[in-house]
Amino acid sequence: AQKVTQAQTEISVVEKEDVTLDCVYETRDTTYYLFWYKQPPSGELVFLIRRNSFDEQNEISGRYSWNFQKSTSSFNFTITASQVVDSAVYFCALSLYNQGGKLIFGQGTELSVKP
Amino acid sequence: DTGVSQDPRHKITKRGQNVTFRCDPISEHNRLYWYRQTLGQGPEFLTYFQNEAQLEKSRLLSDRFSAERPKGSFSTLEIQRTEQGDSAMYLCASSLGRQEKLFFGSGTQLSVL
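If you read the protein sequences in the order shown, they are chains E and G.
Mapped onto the numbering used here, the consecutive letters of the first sequence carry residue numbers 3 to 117.
Mapped onto the numbering used here, the consecutive letters of the second sequence carry residue numbers 238 to 350.
Looking at chain G on its own, in the form it has when it is part of the complex (with noise of 0.2 Å):
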């Protein structure tokens, strides 16, 4: 069964650190997704790409984060100079078009001290 797989699962780091996170899609789903979710708290949204192209971004997403998808496959989300706020699950989902339900995978858990 190839679901959504991300990487790492937990990720602690200090302040100040940059991370990135890796997530790999179903592989015929060209659409992908990123969420953050904090405890007690429904999952937002944070990105999404079309194949390669990334369509929208949240106002969540400061410029100190940053994501990609080359060649449309696996995607990386980066976080540059990581503050406490930064601190939450990300989630990555993936879809095969538009209005389809999304697969989600379990997420990385970054916790910045």
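With the rest of the complex left out, here is chain E (with noise of 0.2 Å):
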């Protein structure tokens, strides 16, 4: 069976930190993607990266990156000199290559950044 953990359940930071968001995957499928997502309070679910299993490159956009290691099923997400505007739940989600692009997410991250 297929599942993702996000064992930290609420992260609260004071502005300009750096915050580590750690997500943790099970899949004895080979070929998969894995997907970060933002939820603000406004509810709507907002994309902010996918990998497929094959790149293990990690990946920087501005102050956001990515650490996807194969190795301990990782794929972990860093925010640089976090900013209050980063204040939202995190999700972290799984879709195998054969199951129709659906996603399995795990419980989430609130993370709380203050001023």
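Incorrect hints may appear among the rest.
As the list claims (entries may be wrong) - Covered by chain E, per the in silico footprint, the following chain G stretches (three or more residues, Cβ under 8 Å):
| hint | segment |
| --- | --- |
| 1 | 273–282 |
| 2 | 285–294 |
| 3 | 320–334 |
As the list claims (entries may be wrong) - Straight line, CA to CA, 27 Å or less: simulated DSS-like cross-link-like pairs of lysine-lysine:
| hint | chain 1 | residue 1 | chain 2 | residue 2 |
| --- | --- | --- | --- | --- |
| 4 | G | K251 | E | K5 |
| 5 | G | K308 | G | K294 |
| 6 | G | K338 | E | K40 |
| 7 | G | K294 | E | K40 |
| 8 | G | K294 | E | K5 |
| 9 | G | K338 | G | K308 |
| 10 | G | K294 | G | K338 |
| 11 | G | K248 | E | K40 |
| 12 | G | K251 | G | K294 |
| 13 | E | K72 | G | K338 |
| 14 | G | K248 | G | K294 |
Because the hints were derived from the structure by calculation, they are not lab data.
No residue lacks a Cβ here, since even glycine has one placed at the ideal position from N, Cα and C.
Got two chains here, each in a separate frame; can you build the complex from them with the hints?
Listed below in structure tokens is the structure:
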């Protein structure tokens, strides 16, 4: 069975601190995709990144960076110099190649960035 | 900006009543998904369509739930004889194809009293 675990339920930081959100996944499939979504208070899930299982290169987009390690089945997300606007719930998700694109989500990490 | 739109945003109903939600996906997207999210949890997959064909239904989707996507455009999700356990946020998403990123709507918050 497939599973995504986000062990951190809530994280609180002060503005400008760096913060890392952890994500661990389980699957026996060799072809899969990993995602991060942001859910602000408005409720709409916003796509942040998609990685496929064959690409372990880390990615940086502005203040956001992602570290994908197949050896530990982890796909962690780091926000550098956090801002109040980063406050949201962040979800990690897994999609298997042969399952039509449906996403299996973790429980989410609520990030609170205080000024 | 024509993203995924859902209607209504909020629905309050009494136990035993039927409710129907509507989702309008991004126009060129052929895949449409329904998810359910309860407080403090991640979204859970309910069902998805490719064009007008419903290709998969989760075991979470009891017989009281039915989804349609006539003509491969908008979709409706109906819950018959609602129960308090049906209270949740119902999210719709669409994508251009398999393994493409999903675009989500703002959801319909259902409260069953």
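Here is what the structure says about each hint:
1. Counting residues of the segment 273–282 of chain G whose CB falls under 8 Å from any CB of chain E gives 6; the rule of at least 3 is met.
2. Figure legend: the segment 285–294 of chain G, annotated as covered by chain E; annotation consistent (4 residues with Cβ-Cβ distances under 8 Å, at least 3 required).
3. Counting residues of the segment 320–334 of chain G whose CB lies closer than 8 Å to any CB of chain E gives 5, so the stated coverage by that chain holds, three being the minimum.
4. A hinted pair counts as satisfied when its Cα atoms are at most 27 Å apart, and K251 (chain G) with K5 (chain E) does not qualify at roughly 34 Å.
5. Between K308 (chain G) and K294 (chain G), the direct Cα distance comes to roughly 19 Å. Compliance with the 27 Å bound is thereby established for this hinted pair.
6. Restraint check for K338 (chain G) and K40 (chain E): the C-alpha separation of about 13 Å stays at or below 27 Å, so the hint holds.
7. For the suggested pair K294 (chain G) and K40 (chain E), the alpha carbons sit about 25 Å apart, so the restraint of at most 27 Å is met.
8. For the hint pairing K294 (chain G) with K5 (chain E), the CA-to-CA distance comes to about 18 Å; that is within 27 Å, so the pair holds.
9. The suggested pairing of K338 (chain G) with K308 (chain G) holds, with an alpha-carbon distance near 23 Å, which does not exceed 27 Å.
10. For a cut-off of 27 Å, the pair hint linking K294 (chain G) to K338 (chain G) stands: about 20 Å separates their Cα positions.
11. With a C-alpha separation of about 24 Å, the suggested pair K248 (chain G) and K40 (chain E) falls inside the 27 Å cut-off, and the hint holds.
12. Between K251 (chain G) and K294 (chain G) the alpha-carbon distance is near 26 Å, which keeps this suggested pair within the 27 Å criterion.
13. Our distance criterion of 27 Å between C-alpha atoms is met by K72 (chain E) and K338 (chain G), whose separation comes to about 21 Å.
14. Distance hint between K248 (chain G) and K294 (chain G) is fulfilled; the C-alpha atoms sit about 23 Å from each other, no more than 27 Å.
The structure fails hint 4 only (numbered hints given earlier).
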